[in-house]
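Chemist: For reference, the chains in residue letters:
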Amino acid sequence: MKFKVKKVDRSEGLKEALYIPGIAVGLKHTMRHFFRNIVGKKDVVTIQYPEEERPVSQRWRGRHRLTRRDDGFLKCVACYMCETVCPAKCIHIEAGEHPDFSVEKYPVRFDIDELRCVFCGLCVEACPKQAIRMDTGVIGMAYHSRESFNFTRDLLRDAYTPNEKTKYTDADLPKPPDQQSALPNSRGIPAP
Amino acid sequence: MNASELTTISAEELKPVHLPGAIIPAPPEDSDTSIMRIEIGPAHPAMHGIVRLTTYLDGEQIVGMVPEIGYLHRGFEKESENSKWIQVIPYTDRLNYVSPVLNNIGYSMAVEKLFGVEIPRRAQFARVIMGEISRITDHLTCLAACAMEVGGFTFFLWFIKAREYLYELLEQVTGGRVTINWTRFGGNSTDFPDGFLKEVEVRLEKVREVIEEGDQLVTRNKIFIDRMKNIGVLSKEKAISYGFTGPLLRACGVPYDIRRADPHLVYDELDFEIPIGEVGDSYDRFLVRMEEMRQSISIIEQAIDKIPYGPVMTRERYLGYPDKKEVYGSIEGLIDHFKMVMEGHHPPAGEVYQPIEGGNGELGFYLVSDGSGDPVKCRVRPPCFNYVQAMPELALGHYVADIIAIFGSINMIGGELDR
Amino acid sequence: MPEESSASTESTEASEPIETSVVINLVQQEYPAAMLTTHRHRGDETIALKREFIQPVCRLLRDHPDCRFEMFVDLTAVDYLLIETDLQQTERFEVVYHLRSLSKDHRIRLKCPVPEDDCQIPSIHMLWHAVNWYERECYDMYGIHFEGHPNLTRILMYEQFQGHPLRKDYPVDKQQPLLELNDVEERYHYGRFE
Amino acid sequence: MREYLPILIMILVGIGLAGVFTAISILFGPKLSTETKQTPFESGFLTQGTEGQRYDVKFFMTALVFLVFDVEVVFLYPWAVQIRELHWPGLIAALFFIGVLVLGLVYDWKKGALEWE
Amino acid sequence: MQLVLEFLALPFVQDVLKILFILLLFAMPLGTFMTLMERKWSAAVQDRIGPNRANIGSYRGRGLLHIAADALKSIFKEDLIPKGADKFLYTIAPFFSFMSAVAVFAIIPIAGPIGDFKFQVTDVEPGLLFIFAITSLGVYGAVLAGASSNSKFALFGGTRASAQMISYEVFLGLSLMGLFMVYGSTQVSAIVEGQGEHWFGLIPKWGVFTQPLGFVVFFTALIAETKRAPFDAPEGESEIVAGYFVEYSGMRWSSFMLAEYIAIVGVAALITTLFFGGYQVPWLYHWESAPQWLVTLLQFGKFASFTFIFCWFQIQIRWTVPKFRFDQTMALGWKKLLPVALLNTVVTAIIIVALA
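Protein chains in written order, with the working numbering: chain A, 1442 to 1633; chain B, 2 to 420; chain C, 2 to 195; chain D, 33 to 149; chain E, 200 to 555.
A few of these clues could be false.
[What the hints assert, rightly or not] Each computed DSS-like pair below joins lysine-lysine, with the alpha-carbon atoms no more than 27 angstroms apart:
id, chain 1, residue 1, chain 2, residue 2
1, E, Lys317, E, Lys501
2, B, Lys230, D, Lys69
3, B, Lys207, A, Lys1448
4, B, Lys79, A, Lys1530
5, A, Lys1469, E, Lys535
6, A, Lys1530, C, Lys169
7, C, Lys169, C, Lys51
8, B, Lys325, C, Lys51
9, E, Lys239, B, Lys207
10, E, Lys239, A, Lys1469
11, A, Lys1482, B, Lys239
12, B, Lys340, A, Lys1516
13, A, Lys1516, A, Lys1482
14, B, Lys230, A, Lys1469
15, B, Lys230, A, Lys1448
16, B, Lys207, A, Lys1516
17, E, Lys272, E, Lys239
18, A, Lys1570, B, Lys340
19, A, Lys1445, B, Lys326
20, E, Lys272, D, Lys69
21, A, Lys1469, E, Lys501
22, B, Lys199, D, Lys69
23, D, Lys143, E, Lys534
24, A, Lys1469, A, Lys1483
25, B, Lys79, A, Lys1516
26, A, Lys1456, A, Lys1445
27, B, Lys340, A, Lys1546
28, D, Lys142, E, Lys239
29, B, Lys230, E, Lys276
[Said to hold, decoys possible] Negatives, chain A to chain E, calculated, CB over 12 angstroms:
id, residue
30, Glu1494
31, Arg1557
32, Val1579
33, Phe1590
FYI, nobody ran anything at the bench for these hints, they're computed from the structure.
Heads up, the beta-carbon is just placed ideally off N, CA and C, and yes, glycines get one too.
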């Protein structure tokens, strides 16, 4: 098949041999940037991070959240699909029967080890109920201990309540006895 | 390429003295000075991947070098063999982490070849656009790092700034900047958002400006030319024997581009030139990459003109998840979805090798399937591996300061080298 | 450097891709005893060879005017332990070579079965420069010995690593013993290179 | 000689300032030295350092050429200052002198003494 | 009161006061300021903001506090001496660097003389020659640091520094030959005086106009002498990490850095003095009724502002050009600058003799 070839230009003339013209052209550009930035910060692209934040795109995959139904209860039905598809094996789910028959199953525990998570978004694609989302827009997660990265169900749950008259409040969700027992260890295996 | 152009490498040139790992120089007999061994890397500012070059110096001249790699080995192949097919895609982002889209595309294309399916045309164009953006980011990073190490720090930051413009584009489509996980088997996970292609054109114009500015700042500066010219020369024949591909081989004057040699996606509908060098030194590599970015910009502009409307994912049930509407609405859809997630993809038994033109050269995926949900073998053919192997030959006889010029111009990426 | 592309543009005519079965026929002709099977899956030509013949066959493929495989693309191995597939393999390991010809514009894949109890194959490092490290990597990962290789040592893993990680019987979560600092120091001081 | 005294004072002040800096460092810096910290840098590897290493610095010739040129240049200074008084005879003499200097340079150049081998 | 005035009139006391003024109130503050400005200005060139985070409460002072923060950090850094290093040489190496950097200021006049009183520490007869002799001692700083650190990278840096600095010493001296001819003296005050004249009452007779080629060579050689980019192969941070001071830490390291920045100020001051008229304010002679104090102030202002501009120019150069390789630095000197400097000398001599 035909294709076009272009030889790069590596010629070198008197202008290069004198050193000064090359440096002068470079100085022209650097000085332009220098004066524009000294006078009015016209070209500056850095942002002052903690005060200013870069707008992230709509599709940005940040920290997970668990969405809720209209009545305020979690949408998750503990079907284990996200746990299965997760390449990093960072999701740990334990299903439980809810006293209300209309709810079928719900996650007694839903823990994500955000340190293990690779933020690939496969769990979001796999979820059949739109129960897990990564659209919180959280860019940086920085904490002082490893334990802080273990996000339990209650931490992941969406803070937003769509309906004022909710059937279930937060208090209705059965909780694990203590935070420690709710957390999987770093390999995703539930603690004994 | 003409058959008569290439001669087979002679037995003389293949003498084991050039085989990396076999160079242990003897001290010169007529002097009372000794060969000095100096370790360059892994904890060294110029080794922007992690690699160790044990260098033997006579004065400042390099008389021997032993590269040692493996500091970033993460067991990509082992991990892939123990994952489902789809779970490998996020892992490929971490191979060549400055052009993750190309890795995604390469792996997905290999699996699609295994399935024997063709993806929709819009998806193909989308892959070309995103892949070329990714190639530009790759070259920007490489050139920036290369120039920085010979002192052009301003050039470095300007190019990183340009790269940032493009990363934000990638982010708009994929939701990630480096770890993008964008392609799927049979198409792409997401289509472009509204107004994206217009945005691409605007940003490419900005990138082009930065490239021209950087070009004038550095490439025509005599100091830079002195640093790069005739440094790390490798002859055409040797480069081929070393398995050089991509910009490095093109710098030697061989117009071998997989986009043209093994046409994939829709590259044969697009018009672009293959930049080649003359000598095969660091300067040629620099210029070839510089020119390739301009060509990539033109490819993207053409692809934007030609991209058709349509789906970005095949309708094949065994490849992708069903539509969300079906999943939420119908029991069949839900069952399909459940089976897809739980059992994964099942490519037919067989083996394929799929090369694509990665940012750095020929990025090949060799996959073996036995028809089950896991790959039997998922092998990456990393382009860098050959380059680092040729490092002693490139550096021999030069000065210690030339190591960085050579090493910068071969663009070694640790994630890809060690997998 | 802006320049007129028309001035410096030249068109090159790439030679037409020849029917790749020429390669297979050639090998069949020259070394009839070497061939095990051939197949063409998804457009990839594959020849399975007896391992004793890998060196002469590769030399033939590199030098013969009809083949001219100047570029050595890839070398790896596949471990078929406990894998049931119809890829017609007979032994546990298979060493896989990928070659590419630039002047003739074709590719070929060579495969050599290697049994588990006699894990070795002749090295072809004398044919292409690139082979050296690929063979080392294959040795490192699968423990296949390449006879005649000048420096068959580990390349990605460290010297003291036990076992070969890509074999199917190496557990994915196996942990290696921690090294004493002394070992490390000794290696650096009186390392394998001196 | 009176005017050279300030230079001496200046040198002493310079050394004194550097000495103060070093003393500050010794006084205020923490002392948590370990074996590993004390090893000289070599990209993260243990090194024998430069003891017993004899390496070829290769600028012996440069040093010699420097010596020659520096001395010759010093001879030119008096002429340069007095150039108006010496006028043409002085200029011709100096040109001869510089010519010899240039010849030497050309010889060195051709011999490869300026090449950094 | 009388006693104090008498004490101040003592020459020795005046010398000490001048030294303290030029060092502690001019060179060192400006050098320290340059450490911050290098970062701020490079940031401006590279479309960044630069350091602005160090703060006291909510006061940030546009990054000025970084100077204090850096100083405090260096003071409380651990002071390490590598194993196998020669402790004595290792300790005295920064002294040489620092000493040679500050010695330049001894001969630089910062304003015109008032009567007998000179705004100059000392005005020695051989002038620049003597100062070059002193400053070339600075090579010991790099060589001793490199040789005593027991590190291979430092050794490379030390040898490179020694070869580069002694080589550029030659061109430094040779490039000024033309200047000495034009102004007929090696004494700094005479050269500055000579630059106060004007051609046609319009163009000041500055060194840069009488000796343009000499200026280029001198500037290049001076940058190389101070091991600044693009001639920073001895420090070559990308290949030999930091060169001769790779093993230094804490305030010892700071003395090297501060010496480098004071050397920048020194270079700028020398360039101003020799090629840009020093303290001479052009066209000031038109204003004959100017009060003496104002003239002195203007002169000092001109000198200081030109010094500042050349500090900036050096930094701008550094962030524009790539680095030379070491052997290229040497080749540039011996094969390009040396012939050019010789040519400049000969041509200048012929012109002067022909015109005289």
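Chemist: Each hint needs a verdict: does it hold in this structure or not?
Modeler: Here is how each hint holds up against the structure:
Annotation: proposed proximity of E:Lys317 to E:Lys501 holds, straight-line Cα distance about 17 angstroms (limit 27 angstroms). Annotation: proposed proximity of B:Lys230 to D:Lys69 is violated, straight-line Cα distance about 40 angstroms (limit 27 angstroms). The suggested pairing of B:Lys207 with A:Lys1448 holds, with an alpha-carbon distance near 25 angstroms, which does not exceed 27 angstroms. The suggested pairing of B:Lys79 with A:Lys1530 holds, with an alpha-carbon distance near 16 angstroms, which does not exceed 27 angstroms.
Of the pairs offered as hints, the one joining A:Lys1469 and E:Lys535 holds, with about 25 angstroms between alpha carbons and a cut-off of 27 angstroms not exceeded. Distance check on the hinted pair: A:Lys1530 and C:Lys169 sit about 21 angstroms apart at the alpha-carbon level, within 27 angstroms; holds. At roughly 23 angstroms between alpha-carbon atoms, C:Lys169 and C:Lys51 fall within 27 angstroms of each other, so this suggested pair holds. Straight-line distance between C-alpha atoms of B:Lys325 and C:Lys51 comes to about 51 angstroms, which puts the hinted pair past the 27 angstroms bound.
Of the supplied pair hints, the one linking E:Lys239 and B:Lys207 holds, its CA atoms being roughly 25 angstroms apart against a limit of 27 angstroms. A threshold of 27 angstroms between alpha carbons decides the hint, and for E:Lys239 with A:Lys1469 the separation of about 19 angstroms falls inside it, so the pair holds. The straight-line distance between the Cα atoms of A:Lys1482 and B:Lys239 is roughly 50 angstroms, outside the 27 angstroms bound, and the hint therefore fails. Distance hint between B:Lys340 and A:Lys1516 is fulfilled; the C-alpha atoms sit about 21 angstroms from each other, no more than 27 angstroms.
Proposed proximity of A:Lys1516 and A:Lys1482 is contradicted: the alpha carbons are some 48 angstroms apart, above 27 angstroms. For a cut-off of 27 angstroms, the pair hint linking B:Lys230 to A:Lys1469 stands: about 24 angstroms separates their Cα positions. At most 27 angstroms may separate the alpha-carbon atoms for a hinted pair to count; B:Lys230 and A:Lys1448 meet this at roughly 16 angstroms. Between B:Lys207 and A:Lys1516 the alpha-carbon distance is near 44 angstroms, which puts this suggested pair outside the 27 angstroms criterion.
Of the supplied pair hints, the one linking E:Lys272 and E:Lys239 holds, its CA atoms being roughly 19 angstroms apart against a limit of 27 angstroms. Taken as a hint, the A:Lys1570 and B:Lys340 pair is honoured in the structure, with Cα atoms around 15 angstroms apart against an allowance of 27 angstroms. The suggested pairing of A:Lys1445 with B:Lys326 is violated, with an alpha-carbon distance near 47 angstroms, which exceeds 27 angstroms. Using a Cα cut-off of 27 angstroms, the hinted pair E:Lys272 and D:Lys69 holds, with the two alpha carbons roughly 19 angstroms apart.
Between the alpha carbons of A:Lys1469 and E:Lys501 the distance comes to roughly 25 angstroms, so the proposed pair stays at or under 27 angstroms and holds. Taking the CA atoms of B:Lys199 and D:Lys69, the gap is near 55 angstroms; set against the 27 angstroms cutoff, the hint is violated. Taking the CA atoms of D:Lys143 and E:Lys534, the gap is near 13 angstroms; set against the 27 angstroms cutoff, the hint holds. Annotation: proposed proximity of A:Lys1469 to A:Lys1483 holds, straight-line Cα distance about 17 angstroms (limit 27 angstroms).
Proximity of B:Lys79 to A:Lys1516 is assessed by CA-CA distance (about 36 angstroms); at most 27 angstroms being required, the pair is judged violated. Annotation: proposed proximity of A:Lys1456 to A:Lys1445 is violated, straight-line Cα distance about 30 angstroms (limit 27 angstroms). For the suggested pair B:Lys340 and A:Lys1546, the alpha carbons sit about 20 angstroms apart, so the restraint of at most 27 angstroms is met. With a C-alpha separation of about 47 angstroms, the suggested pairing of D:Lys142 with E:Lys239 is violated against the 27 angstroms cut-off.
Annotation: proposed proximity of B:Lys230 to E:Lys276 is violated, straight-line Cα distance about 42 angstroms (limit 27 angstroms). With a least beta-carbon separation of about 16 angstroms from chain E, A:Glu1494 lies farther than 12 angstroms from that chain, consistent with its non-interface assignment. Annotated as non-interface, A:Arg1557 keeps its C-beta farther than 12 angstroms from every C-beta of chain E; the closest such distance is 32 angstroms. Every beta carbon of chain E lies more than 12 angstroms from that of A:Val1579, the smallest distance being close to 23 angstroms; the non-interface claim holds.
For A:Phe1590, the shortest C-beta to C-beta distance to chain E comes to about 26 angstroms, beyond the 12 angstroms cut-off, and the non-interface label holds.
Of the numbered hints stated above, those contradicted by the structure are hints 2, 8, 11, 13, 16, 19, 22, 25, 26, 28, 29, listed in ascending order.
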